[in-house]
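*Asks:* Next come the chains, spelled out residue by residue.
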Amino acid sequence: MTSALAVDSALVLLVLGLALWVTAARAAYSAAVGFVAYGLLLTIVWVRLAAVDVAMTEAALGTGLTGLLLLGAAARLAPYESAEAARRPGPGLRWLVGLLCAAVAAGLAAAVLLLPDPAPTLAPLVAENLAATGVGNPITGVLLAHRAIDTLLETVVLVPALIGVWSLAADQDWGRRPGSLTPLHAGSALTLLAQVLPPFGILVGVHLVWAGADDPGGKFQGATVLAAMWVLVLVAGLREPPAVRGRSLRLLLVVGALFFVGVGVAGIWLADAFLAYPEGLAKPLILAIEIVLTPSIAVILGLLLAGPPVAEGPSGARS
Amino acid sequence: MSLALDLFTIAAVTLGAIFFLAGTVGLLRFPDTLTRLHALTKADNLGLGLVVLGLLPQVTAPFGWIGLIAVWLLAMLSGATVGQLLAQAVRPPDWDQAATRDGAEGPAGD
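Heads up: the sequence lines are chains E and R, in that order.
Last residue of the first sequence: 318 (numbering that gives the first Met the number 0), numbering continuous.
Last residue of the second sequence: 109 (numbering that gives the first Met the number 0), numbering continuous.
Careful: at least some of the hints might be erroneous.
Claimed, not checked - Not close to chain R: a few residues of chain E, all C-beta gaps over 12 Å, as computed:
| hint | residue |
| --- | --- |
| 1 | ALA72 |
| 2 | ALA108 |
| 3 | LEU191 |
| 4 | LEU192 |
| 5 | ARG244 |
| 6 | ARG246 |
| 7 | GLU278 |
Claimed, not checked - Pair by pair, the computed Cβ-Cβ distance ranges are:
| hint | chain 1 | residue 1 | chain 2 | residue 2 | range |
| --- | --- | --- | --- | --- | --- |
| 8 | R | LEU55 | E | ARG244 | 46 to 54 Å |
| 9 | R | ALA74 | E | LEU121 | 32 to 40 Å |
| 10 | E | ALA49 | R | ASP5 | 20 to 28 Å |
| 11 | R | GLY66 | E | LEU95 | 26 to 34 Å |
| 12 | E | PRO137 | R | LEU55 | 30 to 38 Å |
| 13 | R | GLY66 | E | LEU12 | 35 to 43 Å |
| 14 | E | ALA160 | R | ASP5 | 48 to 56 Å |
| 15 | R | LEU55 | E | SER29 | 37 to 45 Å |
In case anyone wonders, no lab produced these hints; they're calculated from the structure.
Note that the Cβ used here is the ideal one computed from N, Cα and C, for glycine as well.
Using the sequences and the accompanying hints, generate a full structural model.
*Replies:* Printed below as a string of structure tokens:
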């Protein structure tokens, strides 16, 4: 017990120290790198709290995908960084921002520490009603049955996010191929990795989706792994990202959310409420939603990383 | 038997941890990027390999050992790739010519 406490204390100190370091880092690039390390440490914290589903999401989305987006943004902003640093806000404003952030953190900490003991929880209620959903993983039960509306909004919001990225394109480039994932020159070690890793990655991604019904995992984690494999192939230059005007590509992007909404609307007649599942059909429907959503999410996440459409592959790096 | 296996686990994991410690010291103390990469990938390959080897007798889940070994192999694959990419990024532009002229091989990237 004491050794576990020592490990946990060291972990907490590391997380706090790294958080301070990321906040204080001067260069955006170092802050992004630190943020990735911070996310990995946070993943271990979630595992220590026995929240494996959250840990997987943190590792896949919070660290992997967000970290890549931040690194890309840092690289893109690097030319303007010194100019920005020259006109950084005065000490008064910086202190004000710091104090407001500290107040938010203190408020959150107080809210957690002042919770009544035992803390209010719906966990027993979920455990009681889990059998009705037919799935064995309570997280999946909550996400796709009890709080399905949250998950629905979560998946729908990805589409406007991607439209937001695409709309950064210049007018004449609209509908062309995304250009943010510059392929490295061929023949590098990356090519080998991009040829060897995807079969295993696809297996892991599909497994995460399938196992998510009864064990930790789910569509978001699985789709992130699938998207990572696709992005790896794109970065290695083995394939080009698709032109965003493609009709079948756009259908693929929205089919997951449309199916989810369709099941939800059908619930109004078949089970008397939006997003309610008919008796006995809960598990098959949850599985179907997860399976149909996975490709949509994977492609959206990959295209988020691939960035806005551009005129040509940068300096014709391909071919 | 189980005592012997436990001792094996303790010995192998400790040895692996020593490799991680040595790798970290190398990462902090070595003079340039290529030697630091060498220290880092050594910790990944040997350190993680020994930790996985030590944990194998402790696996209770059926086929759990496949997962452990897969973690090690995948970490080695990504470690070797990242090592190569970083080494490519930091080497001087005339490295290839210099190596050919001296009839010497460039350093193996790992």
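*Asks:* Now, for every hint given, state plainly whether the structure supports it.
*Replies:* To see whether the hints hold, each was checked on the structure:
1. The beta carbon of E/ALA72 sits about 20 Å from the closest Cβ of chain R, which is more than 12 Å, so the claim that it is off the interface holds.
2. No Cβ of chain R approaches the Cβ of E/ALA108 within 12 Å, the least distance being about 32 Å, so the stated non-interface status holds.
3. For E/LEU191, the shortest C-beta to C-beta distance to chain R comes to about 7 Å, within the 12 Å cut-off, and the non-interface label is violated.
4. At roughly 4 Å from the closest C-beta of chain R, the C-beta of E/LEU192 falls inside 12 Å, breaking its exclusion from the interface.
5. No Cβ of chain R comes within 12 Å of the Cβ of E/ARG244; the nearest lies about 33 Å off, and the non-interface call holds.
6. Chain R leaves E/ARG246 outside its interface by the beta-carbon criterion, the shortest separation being 36 Å against a cut-off of 12 Å.
7. Listed as outside the interface, E/GLU278 is consistent with that label: its C-beta sits roughly 35 Å from the nearest C-beta of chain R, beyond the 12 Å cut-off.
8. Between R/LEU55 and E/ARG244, the C-beta spacing of about 52 Å keeps the proposed range 46 to 54 Å intact.
9. Between R/ALA74 and E/LEU121, the C-beta spacing of about 39 Å keeps the proposed range 32 to 40 Å intact.
10. Between E/ALA49 and R/ASP5 the C-beta distance comes to about 25 Å, which sits within the given range of 20 to 28 Å.
11. Remark: the range hint 26 to 34 Å for R/GLY66 to E/LEU95 is contradicted by a beta-carbon distance near 50 Å.
12. Here the CB-CB span from E/PRO137 to R/LEU55 is close to 31 Å, well matched to the stated 30 to 38 Å.
13. Taking the beta carbon of each, R/GLY66 and E/LEU12 are about 30 Å apart, not inside 35 to 43 Å as hinted.
14. The hint said 48 to 56 Å for the Cβ distance between E/ALA160 and R/ASP5, and at roughly 51 Å that hint holds.
15. Between R/LEU55 and E/SER29 the Cβ separation comes to about 38 Å, which falls inside the hinted range of 37 to 45 Å.
Consistency note: the structure conflicts with the earlier hints numbered 3, 4, 11, 13.
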